[in-house]
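Chemist: Sequence:
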Amino acid sequence: AFSAVQLHAYCTKLDIEAKTLDELVNSIVMPAVLRYQTELAGNIAALKAIGKEDATGYQTDTLKVVVNNIATIKTGIDRMHQALEKAHHAGDLRAEAGILCNEVKPQMDTIRAAVDELEGIVDDQYWPLVKYRELLFVR
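For the sequence shown, our numbering gives the first residue as 1, with consecutive numbering after it.
Since the hints were derived computationally from the structure, they do not count as laboratory data. Keep in mind it's a predicted model, so treat the numbers as computed, not measured. The beta carbon of each residue, even a glycine, is placed where N, CA and C say it ideally should be. What you were told as hints is all true, and nothing was included just to trick you.
Straight line, CA to CA, 20 Å or less: simulated DMTMM-like cross-link-like pairs of lysine to aspartate or glutamate:
#: 1; residue 1: LYS64; residue 2: ASP116
#: 2; residue 1: LYS74; residue 2: GLU117
#: 3; residue 1: LYS13; residue 2: GLU23
Just the calculated beta-carbon pair ranges, DEER-fashion:
#: 4; residue 1: PHE137; residue 2: HIS88; range: 40 to 46 Å
#: 5; residue 1: GLU53; residue 2: TYR126; range: 23 to 29 Å
#: 6; residue 1: PRO106; residue 2: GLY42; range: 34 to 40 Å
#: 7; residue 1: PRO106; residue 2: ARG133; range: 24 to 30 Å
#: 8; residue 1: TYR58; residue 2: GLY91; range: 51 to 57 Å
#: 9; residue 1: ALA46; residue 2: LEU136; range: 32 to 38 Å
Construct the entire structure; sequences and hints are all you get.
Modeler: In structure tokens, the structure reads:
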């Protein structure tokens, strides 16, 4: 009985964490990242319009990193949803916990790594959340 209670608590907590991550990424992180991506793309286009293609190196490299992380997040969210659906239809609590641990959690880690990298790239004016460095050092 104790084991079943612990498994149920684990499944519930991981399910809540996954849903919270999904909501945070889709409602806060991605809109900020997309605005920054748009600014970078506009800056590159403006430089090219005045014949300064050679001055777009930093912006282009940054935009590539942003685009790659957006793709990683999108893939991670999709795979996490699929794994959550699979976990919710598992036959028993132990199977659900196994799916959450081995399939959902790795996708959450992938999403978090991409978001963490974007946190260090996206300008503070776009990033609506407290950045890690701000937690360590008060402005």
